[in-house]
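The sequence shown begins at 1 in the working numbering and counts up by one.
Simulated from the structure, these hints should not be mistaken for lab results. Yeah, the Cβ is synthetic: ideal placement off N, Cα and C, and Gly gets one too. Some hints here could point you the wrong way.
[What the hints assert, rightly or not] Calculated lysine to any residue pairs in the SDA-like style (CA-CA distance at most 25 Å, straight line):
# : residue 1 : residue 2
1 : K205      : A230
2 : K138      : L224
3 : K138      : K214
4 : K138      : F184
5 : K205      : E219
6 : K205      : E133
7 : K78       : M95
8 : K49       : D148
9 : K214      : W201
[To be verified] Label-pair restraints from in silico Cβ distances:
#  : residue 1 : residue 2 : range
10 : A96       : W201      : 56 to 62 Å
11 : V57       : L136      : 26 to 32 Å
12 : L152      : A209      : 43 to 49 Å
13 : N258      : I102      : 22 to 28 Å
14 : V57       : V191      : 20 to 26 Å
15 : I231      : I102      : 32 to 38 Å
16 : V103      : L56       : 50 to 56 Å
17 : A244      : I154      : 15 to 21 Å
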Amino acid sequence: MTPQESEQIAAAEAGFFQNIPPLIFMIGLFAPHLKPHHRQKENNGWAHKALIALLLVGAVMVVLTTCANIAANLLLVKFSLVVSLSSGDFIAQEMAANLKAIVMFIVEDISENSIFLFADTAIVWRAWALWAENRLVKWTLFIILLADIDYLAITIADSIVDTEGSITSSDLNTVTLDWLSTVFNLTVNIVATLLIAYRAWAHYKSTRAILHNKKTQVETILLLMVESGAIFGMVQLSNIIIQALDLHATSVVVPIVNARIFIDSLYLYSAWIIQSVFFDLKAINPVALIILIQTGNTHEHSIHLEDISSLDINSVPMSSNKFSMVYWRYITTF
Numbered sequence: 001m002t003p004q005e006s007e008q009i010a011a012a013e014a015g016f017f018q019n020i021p022p023l024i025f026m027i028g029l030f031a032p033h034l035k036p037h038h039r040q041k042e043n044n045g046w047a048h049k050a051l052i053a054l055l056l057v058g059a060v061m062v063v064l065t066t067c068a069n070i071a072a073n074l075l076l077v078k079f080s081l082v083v084s085l086s087s088g089d090f091i092a093q094e095m096a097a098n099l100k101a102i103v104m105f106i107v108e109d110i111s112e113n114s115i116f117l118f119a120d121t122a123i124v125w126r127a128w129a130l131w132a133e134n135r136l137v138k139w140t141l142f143i144i145l146l147a148d149i150d151y152l153a154i155t156i157a158d159s160i161v162d163t164e165g166s167i168t169s170s171d172l173n174t175v176t177l178d179w180l181s182t183v184f185n186l187t188v189n190i191v192a193t194l195l196i197a198y199r200a201w202a203h204y205k206s207t208r209a210i211l212h213n214k215k216t217q218v219e220t221i222l223l224l225m226v227e228s229g230a231i232f233g234m235v236q237l238s239n240i241i242i243q244a245l246d247l248h249a250t251s252v253v254v255p256i257v258n259a260r261i262f263i264d265s266l267y268l269y270s271a272w273i274i275q276s277v278f279f280d281l282k283a284i285n286p287v288a289l290i291i292l293i294q295t296g297n298t299h300e301h302s303i304h305l306e307d308i309s310s311l312d313i314n315s316v317p318m319s320s321n322k323f324s325m326v327y328w329r330y331i332t333t334f
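With the sequences and hints as input, model every part of the structure.
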């Protein structure tokens, strides 16, 4: 074995070793989703059926993404280091290993893009439900979601380009479409979350007089939606920054590469959390369940009719009943 081949093997082993911590991080994020969810009551409505279908499809996508990532790393290790080609050419062996893992790469990328699409659908859907009486907002949300669905085809094509580039070891920089895709997802999140935040503020203003600034269950759920959208937006913004740094890097910067892998994993499972928080407020994933338990201990208040004076009731705007009906109808639909 020549010194050059020894250096190539050492570099490959270092790369595989660097993939281990992100893989452990991804498995750690994936493990809580194995916990089964239980419904507290039966509901045979169309929204409930759509909820179950989307949750199942999202769960399948999460499983496929995680398993494909694990399988791809195992195939790369096996056919790059364990199984040797007769020619003894290490570069050819590395390309052969990439060919063996090409299916896993494509499955992982398509599953990830599908999860992001489901998350955007969840965000748009909950804003749609809260603005059901406003046709302009509904059409705006519909156009945004339709454009997002069309952009999914571009991201899938991008994943194919990424895979081909890694196999041929070309110098094609394919991170640009990934960066633009995340920017588009962030735009969808910002628009929908701002619409929900406006509704939450309107609900607070319309009920604070009669409730004396006490938080209702409706307000707690609305705040959870706004806060989850804000946290998801922070993860998206971090992902955009890391991808922009990776795009403008003149050479491979190991800290940036590692940070991008970790942020990508966090972005993926944050999208699944957003989907779960919206589609099932009673049967959500463990992370959001802890949030609900903590907020429930601080925000739940009992309201008795004898504690509310007739003056307070008369001081509430007439529109507050309409807002409350819209919010409560949305929450109890599922």
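Has the given pair, K78 with M95, been kept, meaning a C-alpha gap of at most 25 Å? The hint holds at about 13 Å.
Does the Cβ distance between V103 and L56 fall inside 50 to 56 Å? Because 23 Å falls outside the window, the suggested range is violated.
25 Å limit on alpha-carbon distance, applied to hinted pair K138 and L224: Holds, because 22 Å separates the two Cα atoms, which is no more than 25 Å.
Within 20 to 26 Å: is that where the Cβ-Cβ distance between V57 and V191 falls? holds (24 Å)
For K214 and W201, compute the direct alpha-carbon distance and say whether it is at most 25 Å. holds (14 Å)
Between the beta carbons of L152 and A209, is the distance compatible with 43 to 49 Å? holds (46 Å)
Outcome for the supplied range 22 to 28 Å, where the beta carbon pair is N258 and I102: holds (24 Å)
Would the pair K205 and A230 pass a check requiring their Cα atoms to be no farther apart than 25 Å? holds (21 Å)
Starting from the hint 56 to 62 Å, judge whether the C-beta atoms of A96 and W201 obey it. Holds, at about 59 Å.
Consistency of beta-carbon spacing, I102 to I231, with hint 32 to 38 Å: holds (35 Å)
With a cut-off of 25 Å on the C-alpha distance, tell me whether K138 and K214 pass. violated (31 Å)
Using the beta carbons of A244 and I154, state whether their distance is inside 15 to 21 Å or not. holds (18 Å)
Checked against the numbered hints given earlier, this structure breaks hints 3 and 16; the rest are met.
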